[in-house]
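Novice: Residues per chain, in single letters:
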Amino acid sequence: MSREMICINCPMGCRLTVDDADKSNIKVAGNTCPRGVTYAVNEITAPKRMVTGSVKVVGGNIPMVSVKTREAIPKELIFDSLEILKKVTLTAPVHIGDVVVADVCGCGVDFIATKKVDSVSR
Amino acid sequence: MKDVIIIGGGVIGCGIARELARYQANVLLLERGNDVSVGTSKANSGIVHGGYDAKPGTLKAKYNVMGNAMFDELSRELDFPFRRNGSIVLCFDESQIGGLDELLNRGITNGVKGMYIVKGSDEIKKLEPYVSDKAVAALVVPSGGIVSPYEMTVAYAENAAVNGVEFRFLSEVTSVINDGNGFTVTCADGYSERAKVVINAAGVYADVINNMVCGEKLRITARKGDYVLMDKTCGYLADHTMFQLPTKMGKGVLVTPTTHGNILVGPTATDVEDKDDVNTTAAELNDAFAKASLTVPTLARRNIITQFSGLRAHLDGDDFVVGESSVNGFYNVAGIESPGLSCAPAIAVDIAQSVAGKLALKQKLHFESKRKGIPQFSKLSNTEREKLIDQNPLYGKIVCRCEVVTEGEIVDSIRRPVGAKDLDGVKRRTRAGMGRCQAGFCTPRIMEIIARELGCDMADVTKRGGESQVVKGRTK
Amino acid sequence: MIKVNLVIVGGGPAGLAAAKSAYDAGERDILILEREAELGGILNQCIHNGFGLHTFKEELTGPEYAARYVDEVTKRNITYKLNATVIDVSCDKTVTYVSAEDGLVQVQAKAIILSCGCRERPRGAINIAGMRGAGVFSAGTAQKLVNIDGYLPGKEVVILGSGDIGLIMARRMTFEGAHVSAVVELMPYSSGLNRNIVQCLNDFGIPLYFSHTVVDIKGRDRVEGVVIAQVDDKLQPIKETERLIACDTLLLSVGLLPENELAKNAEVQLSPTTGGAVVDENLMTNVDGVFECGNVLHVHDLVDFVSAESENAGKCAVDYINGAAPCRDKTVISCTNGVRYCVPTVLNRDETYAPQSFKMRVANVFKKVELAVFADGVKVFGRKRPVVAPGEMENIMLTAEQMKTLKQAKTVEITLIKGEQQ
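Protein sequences appear in the order of chains B, W and R. Sequential numbering from 8 applies to the first sequence in the working numbering. Sequential numbering from 191 applies to the second sequence in the working numbering. Sequential numbering from 90 applies to the third sequence in the working numbering.
Please note that a few of the clues may not be correct.
Sample of chain R residues at the chain W side, in silico, Cβ under 7 Å [said to hold, decoys possible]:
(1) Ala189
(2) Gly222
(3) Ser227
(4) Gly239
Bear in mind the hints are in silico, worked out from the structure with no lab data behind them. Just so it is clear, the structure is predicted and the values come from calculations on it, not from any experiment. Ideal placement from N, C-alpha and C gives every residue a C-beta, glycine not left out.
Looking at chain B on its own, in the form it has when it is part of the complex (with noise of 0.2 Å):
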C-alpha cells in the first residue's frame, strides 16, 4: 500500500510517498536527504518525537525554564511525559543542557534544560 507522508524532520517538509506493503522493506520517495526514509520508517514502525515544554523555577532571573527531550521519544509516551514535568521544580541556577528528568518514563531519554537560568538573591 502506498501512502503520502510529510517529513516532520525539517522545515521543508518534503512530501514522502511511502510503499509499505513489505514491512520489512519499506519504500520511500520524495525525500532530499536520507533522514526522510528514516522518518518514513520510524512513523510506519513506531512513530516518535521530540517533546518540548517548561518547568518551574525557583532562585532565579526567571521563573519558568523551557526543557526538550535530548531526543525524540515514543509519541504514545508524549503526554505521560509532560505530566511528569508538571510534578518538577528546579532551583537556580539551571544550565542548558542540565538534566531536568532522567529517564522519562523508561524510554531511556532524558528532558535536558535548554535555558539558562541564573540564580539571584532575593
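Assemble the complex: chain B is given as a structure, and chains W and R must be docked to it using the hints.
Specialist: Only chains W and R this time, still in chain B's reference frame:
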C-alpha cells in the same frame, strides 16, 4: 448617613461629584463597573459640539452652548486632552444647501458664535484638503472641539476624590427606597447606605433607577453606535470634525481626529434591547466605513486598528431630564445622549448648585480645583524626558512601544486616587495598549505591573473587572 | 551625544548575527540596543524545536539557538544594552534610546542596522465583529504568557489563522492541558509549514478548516464562543454555514508585520509588499549607512535564514563604515507572474560580483512551476518546483558569474513559469 449619593461614574456622575466637592458635604459615588468611565463615557465620539444641532429651547441646546464655553478653562484646570479644532458640516448635494442655512440659523438662535458657510469644493478644501470632491458646501463651526471623554471623566473623578468624595465600585444599585427623611440605597452585593439626596446619573440605566423612586416613569432605549479607529499614520486626513448634513438617507457619520491624533469614524445607530450590548457587527462596521468614505475617500481599511461600540441613552421625549424630580431630594440626570459630553460641565455645575442650595451646603475653605494629569512621556521633549527618568527611573522603561508609554506612567495610573485596577483602566489613563499592535506586546508586562502594584497574582488581573480575568491560572 | 561606529537596533537573532559578523569583519566599535531584559528576542519564547538545521546542522529549540549567538557575541565582548528602547532613528544616523539605567541617550552612528523584528496583526486590523471581552490574544502574546510567564491563557481554544505561531500554539496549549477545538484558516491553504500541520495538529486530531473565518465573538466579560463560517471564493462569509463553537479563548495567528516605525523616522523607503525597507543586495536602504535585516525587513519562516541574511548585513555595514562608496545606479528587480516580492529589492549596477541569495514569496499556491531569473529577457537561472506556496519562502542562490550577468543587465525579472510554458 451621606449628604449625597451619586449613582453612576460616567462623565455626568463624576462631573457632579467634582462640582459638589466644592461644598462641605459627605458625597458617595456608586458605580456598577470596576472603574469610572466604563459605560457611555468611554465609547463615544469625543466631540464638543458647537450647539447648532439641538432644537432651540431644549435642555440640550441650553447646556450645549453653556458647556462648550467651559471646556478651555476646565481642560486646563483638570489637565485633560481637549482641542478646539472646529467642526464642519458637509453638504454633498446643491439642492440641500438650504439645510446648512437651517443649521446656521438654529445655531444663532441657540447662541452659537462665529459660524459661517463656505461654498464650492475649492473653499472647502482649503479647510480640509482630503475631503471628497463631491462636497459642495459646508457649515463651519469654529467653536466645535474634541476631547478625550474617558480622560475627562477620570480627571473629574480624581479631582473629586482628592477633595473628599468617596467612590465605591462594583456597586450595582438594586433598590432606592424613599422613607420621607431620605433614601436608602442598596447594592447587589448587599451594601447599603442612606443619603439625604440621591442623584441618578446611571446612563442607559437611569430609567431603571428613576422608576424605583418616581411616579413619573422614564423609558430609555439603548442606542448602539459602532466606531472604527484608524492608525495615527493617517491622522493627517482630517483636522476638523467633519459631519455630513443629514439627508433623507439618514444622519451620516462623522470623521474626526481624536485628541491623540488618530482618526475616528462613526457612529452607526441601532436601538438595542440589551443595555449591555456593545457587540460590534460586521454590517454596521462596513456601513460606518462606507459612509465615512463619502467624506474622505482615501480612508484605507488597512489603517484600521480597532473597532468598538458604545451605547447612548435615548429617552422617549428626545430631550434630557435634568434636575430634582417630583420626589423631594431625588435628582435625575437622564437621557444624556449627544451632545451630552459637551453639556456635562454645565450640567455638573447646575446640579451641584441646586443640591447645595437644597441642603444649604457651605463652600469648602480649601477646595483643590486643579488636577495634574500623568506626565505623558511620548509628548515630552528629550530634555524633559531626561529629567523625568532622572527623578524616577521607571520612566526609562518603555512598556507600550506603539504609544511609547513608560512603566512610570502605568504605575502612576494605578497609584493615583481612583486609580486603575485593570488593563482597560490602565489603557484609558495612559494609552498603553491603544496603539497599532493593540496590546500584543505589552499585555503580559502590564499584567505583571498591575499584579505587583495591587499585590495580587497575575492570574487575578482582569481586563475590566468582574469575570474578565485575562488568563486562566498558572500552567504549573 | 556619544559616537559609535555601528549601532544595531534589536538584540534578537538578526541583531546578534549582524553583530557577530561585523566584529569578524574587523569592526570593534559596536553597540547593540535591546529593549527586553535579555538578548535573543522572540526566540526566547519559542521553546519548541526546529531551529538551526541550516546554521548548526542540528535541531535546536529557540532558546538554545539564541544562546549560541549570545555566546558568540559575549565571547567577542561586543557591547550591548538591555532594557534599552530606541525611540528615534534620524536620517543623519542619530539613534535615541531610553533606559532606566542610562536615561535618555543620543548616539551618533556611522552605520545603523535595524533588526527590530516584526509584530503580530491584531484583531482590529482584520475587523472581527463581536464582543470585546477578555480571551482574545494574538498567538505570540499567548506564547509569551505560557512559555515565559507560566500562565495559561485559556482552556477551550479556537485559533484563527494557520500561521506557524498559531500551529505551534495549538500544540503548546494542548500540552499545557487546554483543548483546542479548531484551527480556522481564511485561505484555501495554510500560511504555516507543512511539518507544523502534521506535528502540531494532526498528531492531536485538531481539525484545520480551510476557507473558514471567525465572524463573531460572543461573551461579555470573557469570550464564551466564536461563530465561524465558510467563505466563498471572494473570501466573504457564507451566512448559511455559520456555526457557534463554545470556547473561552480565541488566538489569532493572522500574519506578521515588519515593525518599521523607526525606519520611517529615518526616512527609509518602505516596500508596500513586504512592509520592510527597500534594500539592495548589501541590505542597505535608500538612506546611506542604514541597513535592515531579519523580520523587520521581511517576515522569514526560518531563523536560520535570518541569521544568514543578518551576517551579510553586518559585513556590508562594516564595508560601508570602512569607506565603500554607495552605488547610485540601481536596477529594480521586477517580480512577475505570481512572484509577490523578492529581497533584495534592487541591485547595484556596480562591479562587485559575489554569490548572492534571493529570497522571495509567491502570491498563491502553484503546482509544477519553474522559478526563473531573467536578465534582459534571457533566463539566467531556473529551478523547477513541484509546488510553491505563500507560506514557504523560496530561497535561491546565484553564482558570482550569474550575478555579473544580472548586474550588467538593464532589466532583471524574477518570475514563475507555469504549466506548458516550461
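Novice: All hints, please: hold or fail.
Specialist: To see whether the hints hold, each was checked on the structure:
no.	hint	result
1	Ala189	4 Å, holds
2	Gly222	6 Å, holds
3	Ser227	5 Å, holds
4	Gly239	5 Å, holds
Consistency note: the structure conflicts with none of the earlier hints.
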